[in-house]
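From first to last, the protein sequence lines are chains D, E, C and F. Going letter by letter, the first sequence gives residues 1 to 310 in the working numbering. Going letter by letter, the second sequence gives residues 1 to 310 in the working numbering. Going letter by letter, the third sequence gives residues 1 to 310 in the working numbering. Going letter by letter, the fourth sequence gives residues 1 to 310 in the working numbering.
Hints are supplied without guarantee of correctness; some may be wrong.
Here are the simulated DSSO-like cross-link-like pairs (lysine-lysine), alpha carbons at most 27 Å apart as the crow flies [said to hold, decoys possible]:
| hint | chain 1 | residue 1 | chain 2 | residue 2 |
| --- | --- | --- | --- | --- |
| 1 | F | Lys146 | C | Lys146 |
| 2 | C | Lys146 | D | Lys146 |
| 3 | C | Lys302 | E | Lys146 |
| 4 | F | Lys146 | E | Lys146 |
| 5 | D | Lys146 | F | Lys146 |
| 6 | E | Lys302 | D | Lys146 |
Derived from the structure by calculation, the hints contain no laboratory data.
There are 4 protein chains.
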Amino acid sequence: MMPTPLSGVVPPVCTPLTPDREVDIPSLVRLVDHLVNGGVHGLFVLGSTSEAAYLTDAQRRLVVETVTSHVSGRLPVLAGAIDMTTPRVLDHVREVTAAGADAVVVTAPFYTRTHPAEIARHYRVIAAHSPAPVFAYDLPSSVHTKLSPDLVLELAADRVLAGLKDSSGDLGAFRAVVTAARTRPDITRFTLLTGSELVVDSALALGADGAVPGLANVDPVGYVRVYDLCAAGDWERARAEQERLCALFGMVGVGDPARMGGSSSALGAFKAALYLRGIIDCPATAEPQVPLSEGEAERVGKYLAGAGLL
Amino acid sequence: MMPTPLSGVVPPVCTPLTPDREVDIPSLVRLVDHLVNGGVHGLFVLGSTSEAAYLTDAQRRLVVETVTSHVSGRLPVLAGAIDMTTPRVLDHVREVTAAGADAVVVTAPFYTRTHPAEIARHYRVIAAHSPAPVFAYDLPSSVHTKLSPDLVLELAADRVLAGLKDSSGDLGAFRAVVTAARTRPDITRFTLLTGSELVVDSALALGADGAVPGLANVDPVGYVRVYDLCAAGDWERARAEQERLCALFGMVGVGDPARMGGSSSALGAFKAALYLRGIIDCPATAEPQVPLSEGEAERVGKYLAGAGLL
Amino acid sequence: MMPTPLSGVVPPVCTPLTPDREVDIPSLVRLVDHLVNGGVHGLFVLGSTSEAAYLTDAQRRLVVETVTSHVSGRLPVLAGAIDMTTPRVLDHVREVTAAGADAVVVTAPFYTRTHPAEIARHYRVIAAHSPAPVFAYDLPSSVHTKLSPDLVLELAADRVLAGLKDSSGDLGAFRAVVTAARTRPDITRFTLLTGSELVVDSALALGADGAVPGLANVDPVGYVRVYDLCAAGDWERARAEQERLCALFGMVGVGDPARMGGSSSALGAFKAALYLRGIIDCPATAEPQVPLSEGEAERVGKYLAGAGLL
Amino acid sequence: MMPTPLSGVVPPVCTPLTPDREVDIPSLVRLVDHLVNGGVHGLFVLGSTSEAAYLTDAQRRLVVETVTSHVSGRLPVLAGAIDMTTPRVLDHVREVTAAGADAVVVTAPFYTRTHPAEIARHYRVIAAHSPAPVFAYDLPSSVHTKLSPDLVLELAADRVLAGLKDSSGDLGAFRAVVTAARTRPDITRFTLLTGSELVVDSALALGADGAVPGLANVDPVGYVRVYDLCAAGDWERARAEQERLCALFGMVGVGDPARMGGSSSALGAFKAALYLRGIIDCPATAEPQVPLSEGEAERVGKYLAGAGLL
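From just these sequences and the hints, can you work out the full model?
Now the structure itself:
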């Protein structure tokens with residue numbers, strides 16, 4: 001049973017892999033325990049930070065089943081259904097809800113040349129067939145389309161969407177949705193989550209329900225603290241804690257840009273941090289990502305030490 | 001058995017759908033016959049024009065099996081293995097080669113933030129595991145990365161890639177690959193195909209082996225004629241025929257841009273044309289594409305009439 | 001004499017035009033009085049909202065001279081020096097400082113294919129020749145390059161830059177600069193201004209010195225109120241006032257997107273609002289912008305009425 | 001007096017600079033002589049290859065006056081009027097035509113957020129005020145907008161535009177304009193020039209009138225030979241010559257991408273080549289471009305030697 005709206009910290013759960021790139025179940029279970037013990041309010045599997053784009057269908061299924069069965073209803077589990085278009089997304093929706101997900105998280109179509117009318121149609125068809133609530137996932141850096149506030153609000157008013165995970169980085173546009181959703185009588189219990197690591201306090205201050213920060217894998221307690229301080233109206237201490245997390249987030253830049261892309265660096269850093277903290281057994285990322293060098297992994301350790309986590 | 005290099009016209013085969021969006025097998029078989037009878041030299045299934053991005057895994061399998069079994073070795077069948085990253089592409093490679101494809105066609109990673117070193121790694125891993133030759137598919141409008149000539153040539157020299165399908169629209173960059181592949185002693189029998197509909201004669205004139213024009217679904221005879229005229233060095237008549245096909249290609253713009261995206265319009269027009277020519281039973285495109293209106297479909301008919309095809 | 005850092009509300013002053021598109025001096029003076037009486041803390045002329053990109057060199061000079069001589073030192077006047085590359089920007093720097101500007105605001109090179117090393121060189125050469133402090137103007141929507149926090153901080157530490165106007169919309173990246181500038185001992189008195197209309201309260205809460213909101217032309221009192229409430233730590237009322245201004249900002253969307261671009265619509269709306277409020281004599285925007293229709297201008301009036309400004 | 005259409009090779013003339021970045025008049029005159037003696041059919045000053053974006057207004061004027069007075073009507077001189085919007089472009093149009101230019105070359109508005117209707121308006125206003133014919137300059141890599149074939153043809157039919165310089169790299173779209181301009185009775189004597197260095201033979205084969213290749217600064221004789229061979233229908237030898245020039249064009253990549261942008265590398269290479277060939281006195285490029293290293297300049301020499309030019 002998922003609260004509506006869902007609020008709090010909902011980490012996009014990393015997917016630990018073995019050295020031969022299979023899902024590492026014991027590590028995944030330990031990671032989930034680490035997050036739950038850290039006080040998070042929900043879990044989001046098969047998001048970008050989970051390397052959903054890199055996992056095969058079999059691996060995706062295994063991840064959802066592992067997490068939902070381990071969590072066993074103690075907190076809600078959202079699952080990404082990440083694929084190019086409506087028919088392919090619908091297959092994933094069927095799989096992840098059969099595996100126990102409480103809600104599905106869906107981007108606009110990508111790879112194809114799309115149009116706002118087609119994006120609306122996409123969400124309407126998916127919602128009509130999904131046994132679980134549908135969240136829109138606004139991720140222009142991957143999808144190459146920004147969901148407009150007007151479109152999100154139209155789909156919220158029509159009960160097509162149950163929520164929004166905003167990873168656009170455009171806080172002004174997000175605020176337009178937040179404010180309208182709080183004031184329009186035709187929109188109720190719509191969940192508004194920011195995907196930012198860096199301005200969680202700002203997003204909560206302007207009315208967001210919660211956050212889905214990838215860095216919460218590494219420091220769930222820190223983000224829960226930000227959330228609690230904001231809920232208590234203690235903005236000054238929330239800001240200080242957020243700034244500590246911003247400094248920690250610097251780890252995403254350890255990878256040499258001459259040698260690897262931003263995903264290899266950021267996801268490599270998160271996994272190196274989880275490995276260094278003893279939570280997962282192996283820091284491997286999925287192919288074709290480039291592994292961090294030893295020196296780069298050591299710099300991750302310095303970020304952890306600087307944030308008091310090692 | 002596929003010739004190396006593969007030359008001639010290799011249409012990206014449309015995927016006819018029933019009104020309820022299932023693969024229409026009888027129409028697909030008729031379409032293949034129409035193309036084979038038109039004199040084409042190979043078939044490319046599960047490309048962009050095939051709506052690969054919209055087809056479920058089950059539909060993709062059905063398409064490949066249907067076409068390979070119907071063609072039965074009379075001409076080579078290339079199949080797209082279109083997905084976001086290496087592990088997911090590898091699953092498709094397994095499926096389509098098991099279903100009889102003679103070669104696989106693979107883009108760079110997309111949706112993720114990638115890097116040239118990761119793109120090279122992607123193709124190397126895939127080639128190491130693929131039972132069939134691997135073609136690179138350069139499609140920046142979908143993938144948001146351009147394959148550089150240097151990268152393609154490195155992978156060609158290392159026998160990672162067997163060919164390139166260039167849909168970048170950048171004939172200058174394509175020429176860099178073509179010329180190098182013709183002159184470098186370490187690159188042999190590398191297939192170079194343009195994905196353009198509009199400059200097939202130009203691409204052949206500068207040394208390409210063949211073309212993969214979506215519009216060849218509608219008029220295979222026309223493109224085969226361009227190819228034959230170019231092969232005979234009759235550039236003047238090749239140009240005239242190419243210009244006739246350019247005029248016909250205008251059909252991709254029939255869809256109202258206020259109502260639909262470019263994919264809905266172009267693929268809708270190709271399917272409307274195949275329907276009007278009596279080759280397929282239903283012009284439906286996959287969700288969430290917006291169907292052409294009656295008036296828009298009529299304009300497709302005028303393009304056919306103008307090109308002497310109705 | 002400009003305070004360092006400069007704080008408060010610094011509107012990018014609209015440039016009123018006559019019906020035949022000359023600078024309307026009496027209207028410009030009235031607009032400046034309206035802003036000064038509204039309590040703003042500085043003025044920014046020749047920015048994007050000022051239509052700097054549309055003004056000839058003679059018009060630019062006239063604007064700076066008019067404003068600096070009218071203001072006469074009562075509050076600081078910053079001036080844009082907007083052009084493609086270093087030598088052309090230097091010409092504008094000479095002009096606007098000769099005309100009395102207290103600081104110059106400069107983007108990265110645009111139109112050309114540039115590189116971070118060239119952007120650094122650009123600012124270093126300009127600072128070496130400018131008689132007034134140089135602010136960086138981060139405006140990726142126009143310049144097609146984002147200034148990285150590391151680059152800005154390097155130039156701040158080296159006293160090349162005196163401040164940053166951030167119109168990137170990326171509050172997370174802005175925060176990285178703000179936090180570093182507040183804590184690094186080698187960076188002092190660096191001015192940090194957000195160009196946002198929509199999250200001024202958020203930017204101030206995380207440590208920005210002030211804001212440069214285009215909408216402050218229409219409602220300077222509102223933005224000054226947001227600033228004062230934030231300075232007093234009254235975040236709840238600041239948020240309410242900011243939300244009122246967000247609603248008012250909706251006016252930028254009145255122009256029909258089938259008929260005009262975003263600049264015609266937004267600048268057209270600001271000028272229509274100033275005209276309706278009786279501050280300027282003519283709502284004309286510069287060529288080739290498309291004027292608002294009568295109905296669109298009426299909708300601007302409704303936004304004003306909704307915000308209690310008419 | 002300019003022929004209509006203008007045909008042949010029309011190099012975008014580099015602007016030689018002294019070590020302290022002033023226009024080097026004697027070198028410019030020698031460069032013009034080198035081009036005229038090479039057999040070119042016209043000159044294009046103040047284009048991208050001329051570093052127009054880097055030249056001050058005074059330098060621009062000096063360049064046009066120097067070239068037009070030296071050429072003295074022996075061949076047509078086109079001049080760029082490169083700026084952000086209509087009013088600023090009009091100032092340049094006035095200057096360059098007063099300085100003797102036979103035609104002006106104008107891009108769509110840039111830096112601002114624009115719209116097709118505004119681009120049309122831009123060209124109509126400029127043509128209404130220009131004493132010389134107006135050419136559209138399609139350069140999406142700088143302008144971030146592509147001129148659609150339909151828009152160009154509408155403006156050609158209305159006699160707003162006298163020609164098109166297409167540097168979009170999209171030969172398919174260029175062909176749409178070329179073919180329509182050749183066949184539509186309402187469009188006559190419209191000049192169609194490709195800005196490509198790499199597919200001049202292809203562009204001429206499909207009906208272009210001529211080319212504006214930056215590399216023709218270095219090897220005007222080569223491009224004139226391509227033009228003459230194409231005019232004679234000797235496509236095979238034209239292709240061989242074009243391939244020699246494509247190899248020579250490799251020089252644009254000598255600059256280390258970790259240290260400089262594409263403009264520094266390409267323009268630096270052209271100027272290094274002109275310097276090494278003894279045509280200009282100094283290879284300096286304008287600020288903030290990064291100079292080639294000694295080793296990089298040596299590699300330019302190897303390209304020259306490889307093409308038989310040293």
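Taking the hints in turn, this is what the structure says about them:
At most 27 Å may separate the alpha-carbon atoms for a hinted pair to count; lysine 146 of chain F and lysine 146 of chain C meet this at roughly 22 Å. Note on lysine 146 of chain C and lysine 146 of chain D: the hinted pairing holds, with a Cα-Cα distance of about 18 Å set against a maximum of 27 Å. Of the supplied pair hints, the one linking lysine 302 of chain C and lysine 146 of chain E is violated, its CA atoms being roughly 47 Å apart against a limit of 27 Å. Proximity of lysine 146 of chain F to lysine 146 of chain E is assessed by CA-CA distance (about 18 Å); at most 27 Å being required, the pair is judged to hold.
Simply put, lysine 146 of chain D and lysine 146 of chain F have alpha-carbon atoms about 21 Å apart, close enough for the 27 Å limit, and the pair holds. A distance of roughly 36 Å separates the Cα atoms of lysine 302 of chain E and lysine 146 of chain D; the hinted pair therefore is violated under the 27 Å criterion.
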